[in-house]
Amino acid sequence: MGLVTYVIKRLLLIIPTFLGVTLLTFIISHVVVSNPVLAWAGEKSSASTIAAIAAQYHLNDPLYLQYYYYMAGLFRGDWGISATTHLPVLSQIENFFPATLELSIAALIISVIIGIPMGVLSAMWNGRKLDYPIKALYSSGIASPPFLLALLLQLLFSYYFNLLPSSGRLDPTSAVPRFVTGMYTVDALLEGNLPVFLDAVRHLILPAITLAFLTFAIITRITRSSMLETMEKDFVRTAKAKGLPSRTVTYKYVLRNALTSTITIIGLAVQFLLSGAIVVETVFFWPGIGLYTTTATLALDFPSIMGVTVVFTLVVVFTNLVTDLAYGALDPRVSYD
Amino acid sequence: MQDQVQLSVFGEDLRIFKDVLRRNIFYPLGLIVVLAFLSYSAIFALDPKIIGYNPNYTDLNVILQPPSLSFPFGTDDLGRNLFLKALNGVPIDAAISLSVVLLALLIGVLTGATAGYFGGIVQQLIMGVTDIFLAFPGLVLAVAFAAALGSGMINVMIALSVVWWPVYTRLARGETLTVKEQQYVTAARASGLSGLRIVISHIMPNVFTTMIAYATADIGNVILLSAVLGYLGLGAQPPNVDLGRIVYDGQNFIRFAPWYSLLPGVTLFIIAISFAFVGDLLRDFLDPKMRV
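Quick note, the sequences are listed as chains B and C, same order.
Under this note's numbering, the residue at position 316 of the first sequence is numbered 316, and the numbers go up by one with no gaps.
Under this note's numbering, the residue at position 271 of the second sequence is numbered 271, and the numbers go up by one with no gaps.
Next comes chain B alone, as it looks inside the complex (with noise of 0.2 angstroms):
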């Protein structure tokens, strides 16, 4: 089968999760709920508005009516109206989105540099003591509840030695770069204005260090199993038996061969840094999609709680589909089938 195939194979694929997918967000909002009426209100509503809400979503309907309007709606654009900020849901998530998104790249870029280095090391190290300091750090990586490297980082950067601001994407007295990504960092470049610049990137560096440290661990460790495996296989025995030097051995034949499945691995490392984005934000009041989560489940606020989940399984499920494309394009013996 062909590339193009595939691709349209594997978009085609998109449809059955995502129906499924909404069938499940639509359940969790319309039967598992003690309350729907009141969960799409607000729990603090009078009762003209329950009965406006009510009415709109059409909820005294019978159920298949219901799914179909709600179905309806996702495609309209209609995600409902948060019961708290009474914005509606897809603008409140398109407001949130470049802020959480800054913040993954920014955290996926220290990751891969670190991860991948650090994988090499320590599988060339294997089973020399050198190799324990980074043992030791992928492993506490993959233990720590992601809130409590964030408390700490926060403590000892912020607090203690007052090097760099504790919450928030910009001081006060910056002012916010003109919209085109949404991104300070790349908005601000984009301007040419450095204080900005330099401004957002000291907000976002101890929110990005937290958040790769989930993802870099598990990078590390798959960085470096792929490479033992591979430094097992006949060709590099070949190569080294061609007296080439092991430099170009590691590098140039272990490395390459072993960073495919590392690649595979980043599509897993988005759903990590997404689920790691909700504490991260939280702790650092960074004002993305994962404090916009933290806020409405606080307030069980339904609409944006049900819209967050769309998204953010939207974003897991195209993220694999890339990684599966890159998977075929970096490794010629991966079929299409």
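Keep in mind that the hints are not guaranteed to be accurate.
Far from chain B, some chain C residues (derived; all Cβ distances over 10 angstroms) [to be verified]:
1) R22
2) P55
3) L102
4) I107
5) Q182
6) T186
7) Y214
8) A227
9) D249
On the chain B side, residues computed to face chain C include the following (Cβ under 7 angstroms) [claimed, not checked]:
10) V32
11) N35
12) F147
13) L155
14) L274
15) V279
16) T295
17) T297
18) L298
19) I305
20) T309
21) V317
Calculated from the structure, these hints are not laboratory results.
Beta carbons are placed, not taken as given, at the ideal position from N, Cα and C, and that holds for glycine.
Position chain C relative to chain B; hints supplied.
Relative to chain B, chain C alone:
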């Protein structure tokens, strides 16, 4: 005679176990933490008075005290002994994580083995549903479920179980595809056993054993995830809260009383990493290469 053979096999296991235990200094340490965690939680479940004091006793004379001999974890803003509060919270995390992993293991092995053994439309149905659940970022779906169900320990268990089984189904199916080709399965089929019987009495036990190591390490992951739900205010409600919630409560005092959040956080870390080490220990122990 029979007994002697049994005994020597057991002796062999014991020797391998000791060998593996010596490989990494963290294996025995992790094992100690895990055993302590489990046995303490079991005793607590039988009699919560085991702590001896009321963990929610407030004493306004000792608010926000740093860790000391009488208050190993310090005190909170109402002068409660945080060590006792943590001791009270640990069994909640144990109950949640153990039940979620056990349930996921059961559902996963049942559905995964069925899908893998029968193949065809059964497999497509089971794996299709599994893939939909896997498309969600776990925490997000768990948050949505827990919010819909309302906060509380039982609801956290339900929410996490809903999210947690699909990975087990995937693993169990993969494992089944290997086991299915073994000769004893062919023999069972040849002797006329029904497909269901083969799945239950031949495939499932074998798949179960190989997944134990994964499940053990996974208990640590569930503890972390349930801590995050607790941290978001969806877990067990005051006064008897889990460790994640204590971290959240202490966050406002992080500048003046860092121990309030950090020590329960570090406790969670130690428990989770210990489960990871015990998982590795079991994996090494069950590795067939050890028995050659």
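Restraint satisfaction for B:V279 [CB to CB of chain C, less than 7 angstroms]: holds, 6 angstroms
**chain C contact restraint for B:T309 - C-beta distance below 7 angstroms** = Nearest chain C Cβ about 5 angstroms off; hint holds.
Return the status of the interface hint for B:L298: holds when the least beta-carbon distance to chain C is below 7 angstroms, violated otherwise.
holds, 6 angstroms
- Task: Could you let me know if the closest chain B CB is still more than 10 angstroms away from the CB of C:D249?
- Result: Label holds. Min Cβ-Cβ 12 angstroms, cutoff 10 angstroms.
Close enough to count: is the Cβ of B:T295 nearer than 7 angstroms to one in chain C?
-> violated, 10 angstroms
Do the numbers back the hint for B:L155, that is, is its least Cβ distance to chain C under 7 angstroms? Constraint on B:L155 satisfied, holds at 5 angstroms.
When you look at the beta carbon of C:Y214, is every beta carbon of chain B farther off than 10 angstroms? holds, 14 angstroms
| message | Take the shortest C-beta to C-beta distance between B:N35 and chain C; is it under 7 angstroms? | response | violated, 11 angstroms
Was C:A227 rightly flagged as not at the interface, with every chain B Cβ beyond 10 angstroms?
-> C:A227 not clear of chain B: closest Cβ-Cβ about 5 angstroms, inside 10 angstroms.
B:V317 as chain C interface residue, shortest Cβ-Cβ below 7 angstroms: Since chain C brings a Cβ to about 5 angstroms from B:V317, closer than 7 angstroms, the hint holds.
inquiry  = Checking hints one by one. Is B:F147 an interface residue toward chain C, by the C-beta closer than 7 angstroms rule?
reply    = Holds, about 6 angstroms.
**Prompt:** C:L102 clear of chain B by more than 10 angstroms, beta carbon to beta carbon?
**Reply:** With a cut-off of 10 angstroms, C:L102 remains clear of chain B, as the shortest Cβ separation is near 21 angstroms.
The structure fails hints 8, 11, 16 (numbered hints given earlier, in ascending order).
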